[in-house]
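Start from the sequences and build out the full structure, keeping to the hints where you can.
2 protein chains.
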Amino acid sequence: MLHFSRDFNFKATSHHSAIMETAFKVISDEHKSGKIGYYSLTKNSLIHIDAVDKLLHTNTILSSGAITDIGIIGIGGSSLGIKAIDSLVSSKGAGTRKLHFFENSDPIDISKKLAKLQKKSTIFIVISKSGGTIETTSIFKTAIEHFDLDLEKEDKERVMVITDKGSALSEFADHYGITQFNIPDNVGGRFSVLSAVGIVPLTLAGYDTKALLDGADSFVTSFFKGEEKHILEKACFYYENSKEQSINVLFSYANSLENLTKWYVQLWGESLGKIDKFQNSVGVTPIGIIGAVDQHSFLQLLIEGPKDKTVTFISIEDFENDLKVPDISLKHIEKTDFINTKSFNTLINAQCEATKESLIQSGISVDSIVFDKINESNIGAVIIYYELLTSLVGAMLQVNTYDQPGVELGKVILYKNFQG
Amino acid sequence: MLHFSRDFNFKATSHHSAIMETAFKVISDEHKSGKIGYYSLTKNSLIHIDAVDKLLHTNTILSSGAITDIGIIGIGGSSLGIKAIDSLVSSKGAGTRKLHFFENSDPIDISKKLAKLQKKSTIFIVISKSGGTIETTSIFKTAIEHFDLDLEKEDKERVMVITDKGSALSEFADHYGITQFNIPDNVGGRFSVLSAVGIVPLTLAGYDTKALLDGADSFVTSFFKGEEKHILEKACFYYENSKEQSINVLFSYANSLENLTKWYVQLWGESLGKIDKFQNSVGVTPIGIIGAVDQHSFLQLLIEGPKDKTVTFISIEDFENDLKVPDISLKHIEKTDFINTKSFNTLINAQCEATKESLIQSGISVDSIVFDKINESNIGAVIIYYELLTSLVGAMLQVNTYDQPGVELGKVILYKNFQG
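So the sequence lines, in the order shown, correspond to chains Z and U. Take the first sequence: its position 415, counted from the start at 1, is 662 in the working numbering, and no numbers get skipped. Take the second sequence: its position 196, counted from the start at 1, is 443 in the working numbering, and no numbers get skipped.
Calculated from the structure, these hints are not laboratory results. Because the structure is a prediction, the values reported are computed rather than measured. Please note that the accuracy of each hint is not assured.
Every beta carbon over 12 angstroms from chain U, so not counted as near; a handful from chain Z, in silico [claimed, not checked]:
#, residue
1, E268
2, T315
3, G340
4, L549
Derived DSSO-like pairs: lysine-lysine, alpha-carbon spacing no greater than 27 angstroms straight-line [unchecked claim]:
#, chain 1, residue 1, chain 2, residue 2
5, U, K279, U, K412
6, Z, K556, U, K554
7, U, K367, U, K400
8, Z, K658, U, K571
9, Z, K457, Z, K279
10, Z, K578, U, K403
11, U, K339, U, K457
12, Z, K360, U, K554
13, U, K400, Z, K578
Glycine is no exception: its CB is placed at the ideal position from the N, C-alpha and C atoms.
See the structure below:
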C-alpha cells in the first residue's frame, strides 16, 4: 500500500477542473489510441516473465546454475529504472543473482566493475533502444574483449539484448543468434522500466516482477477509472505554479531510495524541460535528496532560501528491521538519550515528520508518499504514479513529454569532433 | 594543476570592481582577524598529520598492524568532505586502510555496514562539533553494543573523537581517556574538511594529506596575494545573476567525483540559502550531476528548459588508466566504430567537450575546472577554491555564510514530538 497526502499549502491553490479534465482526456486518448504504450505495459509485459522462466531452462549456461552475476550494459532509460528497483528490493536481502551496472564511459569505473566479475558466473544484458548509444556499444566491446567472448560459438548464450524490434542492435542479435527481447516502439526510454528493459533483468535477478507489474496495474487501472483524482490535483498544482515554484524536490528517507530519486530526475527533467508550442522554454527542475542525511545539507536552503521549491517526502513506514538504539548512556553525551530503546525505524520517520512540519511552518508546499513497506507491488505503484504525473504535467504544459530533441546537438558535435 | 576557464556567456556580464574589492576585503578581514578559521587550516592542520603518525606507534591496536578498516561515524560536514576526498583518491587504488561511513539513521544501511566489519580489524572515529548530533550518538551506541566495546578498558583505543574543544563529546572523551582531536571554534562544519575532521581519518587511511594541505595552501596563498582574480569575477557573476540564474549545476565527468558534488551541494546550499540583512530570502540552488551518464538524464532540461541555470564542468585530463575501446566491429552496430582504438579517457572528455559546446551554443553560462590528474594536491586546491568562492558570494549577498539557523526548527519539533 502507498499512502498519499498533501499539506495545507499544497492544497491552497484553486483547482481548475477544465485543465484537469483536458489533461486526463489527453492521456486517456494516448492510452486508448496506442500512441503511447507505457500505460499498457503492466499487462503486456507479463509475457516477459514467462519468457525468462523458459530461458532459465533452455539457455544451457543459465540452466546449469552457474550464473550468479548479471552485467547490465545500458545508460539513462536503459539503467536508471532497473537500478531504482534493484536498490530497493536488494536492500531487503531478496534476489538470487546480483546485478552490476555498466553505464558510464569512465575508464576507472569500467575497469573496477569488470575486475569484479568472472566469465563463468556472468551473463551480460545489453540494453539500448537503438543500438547506437556510444557508451553502451563501447562497453559491450570491452566486455567481449575482457572475457574473450566468442559470439559465433557458445558464448552467444552469455549475452542477451533488449532493444526496439528492427533496430541495429536487434539486427545484430539476429545475425549472431543472440536472445533478444523487444521494447514496444511506442514506449520511450525513460518510460520503459516496466517493459522488457526492467522485467527481464529483474526477473533473472530473482525478484517478484509479477507483483511489480500487478502493483502498477492496480494503480493505472484505478487512475483511468477516475479514482486517483489526487494525481490530477497535484499535476495541476505543479502546472499552475511551474514558474514561481520551478524546482521540485524529492526528499526520500532511506538510502535504498537514492536510485529512485535519480530515476525520477531523468523522468521529470527530460520529459518536461521543453520548448512548448508557443516557443517558450518551460519545465520544472527536479532535485533528489536523501533524509535524514540531507537535513544536514539541503534543509537550510529549503527553509530560508528563495521560495521557489515544492517538496515531496517519500518514507517507509516499516523497514522490517528492528535495529534499536541501545539503552546506553555515555557520560556527557546524555542529551540524545531520549531516543534510547527506540528503533532506528522510529527515529528516521520521526526525523521525516519533524522536517516536514518545519517546512510546512515555513510556508513550503509539501506532500507525502508513504510506503507501508518495501515490496515489488509498492514499487510498481510508485513508478506508474510518477509516470502518470509526468504525462499529466506535460499535457498541461503543452509540451511533447516523450521526446528529447535537446540532447541531439551534443551528439552531433561529438561525431563531428571525431571525424573532423 | 587545476585549469580554470570561463566561456563567452559567462564573461559577458560587466564586472563591478567595487563589489569585488569589497568582498575581497570582507574575507581578508575574516582571515586576518581570525574571525573565520578555515583560511588558516592549510598550515594549522599540519600538526594533525604528525599527531596521527605518532598515534600509529603509541596506540597499541594501531601499532599492532591489525587495523584494516575505519568506521567514520558522522553526518553532514562531519562526513561529506572526507567522503569526497576518499572517493577520488581511492579510485586510483591508493590507501592502506578502508573508510566506512556511518551517516544516516537508516536501519538497513547501519545493519549492513556493521555486518561488514570485524571488531579486531576496525577502529571508530566519532565526529561531531557538538556531540549532540542524534544520528551520530545513536549509531555510536549501536556500534558499542554490536562489538561489545568496553570503553573503560582496552577498547578505548578502538575509538577516537573529533570535536570542538570543550564540547560534550570532548568531555566524554576526557572522561573515558579516549584520544581526541579538536576542530577550531572558528571553523564551521561544512568548512571543516581540512581541519582534523578530514586530516585525521584521511591520514589514517594512508593518503597523502601533506600534499592535500599544500595544494590548498598554494591556492589560498595565491588568492590572498590577489593572484586568483578569476574567483572574484566568478563570484560577482553569480551574485549579479543570482535571481535570473538561480541554479548552479556542477557537471562532473567521473564517477569518483560524485561525492565531491555532494560536498559542494552542502557547502553552497547551506552557506548561501539565507535570509539576508534586508529580510529577503536569497540563495542559489546547487545541483550536482555526473557525466557522461546525466547527459542521458538532465541535459535535455538544461538545453531546452528555463534559462535559470549556470553550469560548471569538472573534468579529469588524465585518468591514468589506459582502458581502450577494442578494435572490434560487430555486424549492424558499426555506427559507433569511429571510437574504436581510442581510450575511454578520450571518449569521456570528448563527451564533456561536446556537451559543453552544445550548452554554449544554447546560450547557457558555462565554465570549466580541469584537473590535470587526480591527486591530493589538486583535490586540496579545488576544495579551498570552492570554499573561497562560497565566502565571496556570501559577502556579496550580505548573508551570514557560516551559520544555519534554518535547520533548528526541525530539531525542536523532533525533540518536542518525543518528549510530548
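Taking the hints in turn, this is what the structure says about them:
no.: 1; hint: E268; result: 27 angstroms, holds
no.: 2; hint: T315; result: 19 angstroms, holds
no.: 3; hint: G340; result: 9 angstroms, violated
no.: 4; hint: L549; result: 7 angstroms, violated
no.: 5; hint: U:K279 <-> U:K412; result: 22 angstroms, holds
no.: 6; hint: Z:K556 <-> U:K554; result: 17 angstroms, holds
no.: 7; hint: U:K367 <-> U:K400; result: 15 angstroms, holds
no.: 8; hint: Z:K658 <-> U:K571; result: 20 angstroms, holds
no.: 9; hint: Z:K457 <-> Z:K279; result: 24 angstroms, holds
no.: 10; hint: Z:K578 <-> U:K403; result: 14 angstroms, holds
no.: 11; hint: U:K339 <-> U:K457; result: 18 angstroms, holds
no.: 12; hint: Z:K360 <-> U:K554; result: 37 angstroms, violated
no.: 13; hint: U:K400 <-> Z:K578; result: 15 angstroms, holds
Violated hints, in rising order: 3, 4, 12; the structure is consistent with all others.
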